[in-house]
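*Asks:* So the chains spell out like this:
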Amino acid sequence: MIMMVRKAGSLQTRLFLVFFLSLAILPLIYDSRSLYILCTQIFIFAIFAMSYDLLLGYTGIVSFGHGMFFGIGAYSVAIFMKNFGATTGNFLFGILVAVVIAAIISYAIGMLSLRLKSHFYAMLTLAVSQLLFVVAEKWRSLTAGGDGFTFSVPDFIRDRFSFYYVCLLAMIVLFFVLRHFVQSPLGKVLKAIGQNEQRAEALGYQIINYKVIVSVVAGVIAAISGGLYAGMLRFVNTTVFSIEITLDALLMTMIGGIGTLFGSILGSGVVEIAHDGLTSLAKVHPIFERWIIFMGLLYIVVVLIFPSGITGSFNNWLEQRKKVRMQQKEIQMEEAGKKAG
Amino acid sequence: MSYLMETNELSIAFGEQTVIDRVSLKLPKHRFTSIIGPNGAGKTTLFNLLSGQLRPSHGTITYQGQVITHLSPAARTRLGIGRSFQLTNLFSKLSVRENIRLAVQAAHGIRFQLFMSKAEQVAQTEEVDRLLELVLLTKKADVQASQLAHGEKRKLEIAMLIGLKPELLLLDEPTAGISLEEVPAVLQVIETIKQDKSTTILLIEHKMDMVKSLSDHMVVLFHGELLAEGTPQDVMKNELVQSAYLGGLYKDATAAGSS
Ligand SMILES: Nc1ncnc2c1ncn2[C@@H]1O[C@H](COP(=O)(O)OP(=O)(O)OP(=O)(O)O)[C@@H](O)[C@H]1O
Ligand SMILES: [Mg+2]
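Residue numbers (the numbering used here), protein chains in the order written: chain A, 1 to 341; chain B, 1001 to 1259.
Hints were generated in silico from the structure; no laboratory data involved. Glycine included, each C-beta is placed from N, C-alpha and C at the ideal position. Hints are supplied without guarantee of correctness; some may be wrong.
Here are some chain B residues the structure puts well away from chain A; computed CB gaps all over 12 Å [to be verified]: (1) LYS1026; (2) LYS1029; (3) HIS1030; (4) GLU1098; (5) GLN1105; (6) ALA1145; (7) GLU1182; (8) VAL1186; (9) LEU1187; (10) ILE1190; (11) GLU1225.
Cross-link-like lysine-lysine pairs, in silico, DSSO-like; alpha carbons within 27 Å at most [unchecked claim]: (12) B:LYS1118 to B:LYS1165; (13) B:LYS1093 to A:LYS188; (14) B:LYS1140 to A:LYS322; (15) B:LYS1207 to B:LYS1197; (16) B:LYS1140 to A:LYS188; (17) B:LYS1194 to B:LYS1237; (18) B:LYS1197 to A:LYS322; (19) A:LYS323 to B:LYS1139; (20) B:LYS1026 to B:LYS1165; (21) A:LYS323 to A:LYS339; (22) B:LYS1093 to A:LYS117; (23) A:LYS323 to B:LYS1140; (24) A:LYS188 to B:LYS1139; (25) A:LYS323 to B:LYS1093.
All chains should be modelled from the sequences, with the hints used to inform the complete structure.
*Replies:* In structure tokens, the structure reads:
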């Protein structure tokens, strides 16, 4: 039995590797700037969606303001690039500062609200993210308010081809790191808490500690994705703090399948490609500019037809197949037994 | 005789209704104590107080000489108090194996680790396999907990509890709602734990017959009050108990017999 599990594990890992490898080959085959940009954006949002999945999919924590960490990452990188010059060092330092700020804020929010009923965390994250939005609007000397500002970036970021690989690598590394995280002893407790908090506590696990840990990890990862996003756009304004960013993450994890991490990557692909397609249709009819409406419709379809998302539905199908095979085997064995008898 | 846990004038009220009324209990170490009482007597509520799910409105709980009234359920578990739930309470979307493994992991004190040594992994797997065998669930190891039959869920619950290696085991009607054929298997498991002699067991039951032979000590709870306690023989002879509790039961029994 253990052998079988291990085998399935490595098969899964191999599938992931094949998938990532094809992404690595893609730009060598298609030389298209717009494709690079689209894919880079998919990778960045995949990282963001994975961080949201840690909260929602694994631990069952709902956040309405997760986008604030994305925004912190974006502003931190942008401000460093603008004020201290477009060097790789400043880019990395901007991300590092964002990570520290995100860790502090997520820790504080977690400690304040995760002890209480679950909607307190949702509401507090929403409130703090709105507060940051206002700060970004008002602190014009630093952020240039709602208009935002452009800045220059090092060559490896400006070059679409090389930045494609930077983001792909970041996504792959973070995917495997987070996968290890959720499969570790700590991660298993997170999953247990997501399932049945009271039971986990009765086993002696102190729920609040786990929730704060996952809140900090998710905040930090989201900040990294925000930093990459600013690098890609070479521009930042207050939209990075808008509620839509959080809704995107929600949509991506739900469509891809919550609690799977890989689903977040697929979800990001579906949402970004659909977004891209609908935006180009806007020339045909202005209704397509309201792409969020279509996303809403897509979301409803997903919830009705594939409630466990793409990855979840696929896993269910695998389970089902395994079950049928086991039953067949049992029947065969029974028949063989009858013959022998 | 030394006592593992004591309660002093423990009380709780929900609004107007006093559900546990000044209960002072002493649980002798390494003994099997059962609490009996009719439906609604307050047995589960008393358990919730002992394991920390509820806070008393009055009174204290002492465990190994330490006052634990203010401690969280998780902290009490780590002191060695493990409980089962009357209404099945599992990680329903995880496999049977994973449910038990989480209990074993907790007992091994592995809480925040990001890495687990091979030796630890092997140790956990072996222990989980042993527990699966003990409760006769080996064949169901990889089934989702939600897919189990009711009796199997009860057995899984017991396996998780044993996996926790508590010093004090609180069992809330472990045979409730399971089919008659399955009852002996569950009682057998409890008997096995009892023979270990290193655990103190407190078991709730509303049918006295079920636990008469298992119990060293018996406590009768009635309308939230401690009505009587002593050896099973003493308790059965007690007139108060006979009129208040057994009277009803005997009526049930004759009614069942005549139908
Ligand atoms: N959280 C609560 N709020 C209000 N009343 C409660 C609560 N919990 C229990 N009660 C009441 O306390 C009384 C005792 O309930 P309890 O579950 O402890 O009984 P029990 O002895 O375990 O019964 P059973 O044999 O049916 O399990 C009942 O009348 C119940 O309605
Ligand atoms: Mg009860």
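*Asks:* Against this structure, judge whether each hint is valid.
*Replies:* So, going through the hints one by one against the coordinates:
| no. | hint | result |
| --- | --- | --- |
| 1 | LYS1026 | holds (24 Å) |
| 2 | LYS1029 | holds (21 Å) |
| 3 | HIS1030 | holds (22 Å) |
| 4 | GLU1098 | violated (7 Å) |
| 5 | GLN1105 | violated (6 Å) |
| 6 | ALA1145 | violated (9 Å) |
| 7 | GLU1182 | holds (22 Å) |
| 8 | VAL1186 | holds (19 Å) |
| 9 | LEU1187 | holds (23 Å) |
| 10 | ILE1190 | holds (19 Å) |
| 11 | GLU1225 | holds (27 Å) |
| 12 | B:LYS1118 to B:LYS1165 | holds (22 Å) |
| 13 | B:LYS1093 to A:LYS188 | holds (13 Å) |
| 14 | B:LYS1140 to A:LYS322 | holds (15 Å) |
| 15 | B:LYS1207 to B:LYS1197 | holds (24 Å) |
| 16 | B:LYS1140 to A:LYS188 | holds (20 Å) |
| 17 | B:LYS1194 to B:LYS1237 | holds (25 Å) |
| 18 | B:LYS1197 to A:LYS322 | violated (43 Å) |
| 19 | A:LYS323 to B:LYS1139 | holds (14 Å) |
| 20 | B:LYS1026 to B:LYS1165 | holds (21 Å) |
| 21 | A:LYS323 to A:LYS339 | holds (24 Å) |
| 22 | B:LYS1093 to A:LYS117 | holds (22 Å) |
| 23 | A:LYS323 to B:LYS1140 | holds (13 Å) |
| 24 | A:LYS188 to B:LYS1139 | holds (23 Å) |
| 25 | A:LYS323 to B:LYS1093 | holds (16 Å) |
Checked against the numbered hints above, the structure violates hints 4, 5, 6 and 18; every other hint is satisfied.
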